[in-house]
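Got chain D sorted already, so can you dock chain W onto it with the hints?
Letter by letter, the chains look like this.
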Amino acid sequence: DAKTTQPPSMDCAEGRAANLPCNHSTISGNEYVYWYRQIHSQGPQYIIHGLKNNETNEMASLIITEDRKSSTLILPHATLRDTAVYYCIVGGSQGNLIFGKGTKLSVKP
Amino acid sequence: DTAVSQTPKYLVTQMGNDKSIKCEQNLGHDTMYWYKQDSKKFLKIMFSYNNKELIINETVPNRFSPKSPDKAHLNLHINSLELGDSAVYFCASSPRTLEDPFGGNAEQFFGPGTRLTVL
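Respectively, the protein sequence lines represent chains D and W. For the first sequence, the numbering used here begins at 108 and goes up steadily by one. For the second sequence, the numbering used here begins at 4 and goes up steadily by one.
The hints are simulated quantities; they were obtained by calculation from the structure and are not laboratory data. Check each hint, because a few of them may be wrong.
Unchecked claim - Stretch-level coverage of chain W by chain D, calculated; a stretch enters the list once three of its residues show a Cβ under 8 Å from a Cβ in chain D: (1) 46-54; (2) 112-122.
To be verified - Label pairs and their in silico Cβ distance ranges: (3) D:Glu121 to W:Ser23: 35 to 45 Å; (4) W:Pro72 to D:Glu121: 38 to 48 Å; (5) W:Glu85 to D:Glu165: 40 to 50 Å; (6) D:Thr112 to W:Lys43: 16 to 26 Å; (7) W:Arg118 to D:Pro115: 43 to 53 Å.
In this text, a Cβ means the ideal position worked out from N, Cα and C, and glycines have one as well.
Just chain D, same shape as in the assembly (with noise of 0.2 Å):
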C-alpha cells in the first residue's frame, strides 16, 4: 500500500502557483519523498524528489516540514499543460515506487 496520504483533486486558475499537498506521517528517516505526474495516460514524469531540505528545479519546488511527515510540491505559475495526475511517493527500499491514487489537479483558464 501507498505510504502517502493525498487530496483526490484541486483546482487551480492558469498563471497561478499551484501547491499540493501529500502526508507521509510514518515515512523512515532515510527515505526520499519523489513527485511524478501523469498526462493523460502518457508515462508517469519526475518531477523533483528531497529528503529533508527543500528542493528546487525548473519544474517545481518542494517543501518538506521539518519533522519529514508531510510535503508541498509547488507549480509556481501553473498553465493547462500542467493538468495531470500527481503523485507523492515515499521511495521504496528496494527503489520500487509505490503509487497511490495521487491528487487530479485541474488548471483551469
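Positioned in the frame of chain D, the structure of chain W alone reads:
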C-alpha cells in the same frame, strides 16, 4: 532520441494467445522496471531488473515472464493471455544502484506505455 521506448504501442489479441512487449532504454541505466496500470488507473510494479538480474518480482502470475538480454532491454512475455490482463503496461529505467537501498537515486524514466486489449 527517445530515452525509453516500448513496442508496440497498441496490442489487441485473443484470449489464450502469447504476446511480447519490448522495452529499450538509451540512458545507460542499470535498473529497469515493468509496471501495470489497470482500468482504475492504479499503477503497480510488476518486475525490476538491475544489470540483467531480477531484483523485484511482485505477486504476478507466472504467465508473465520478463527477459533482459542486456541492461538496455527488458522485454515482457505473456503466455495464455486472459481478459484481466487488459491494461496499459509501462516500462521504466532508473540510475538506481543496489548500493543505494533507500531510493536516493531512484528517479525513474517511463516509456510511453503499451495498451494491451485482450478480447
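Ascending list of hint numbers which this structure does not respect: 7
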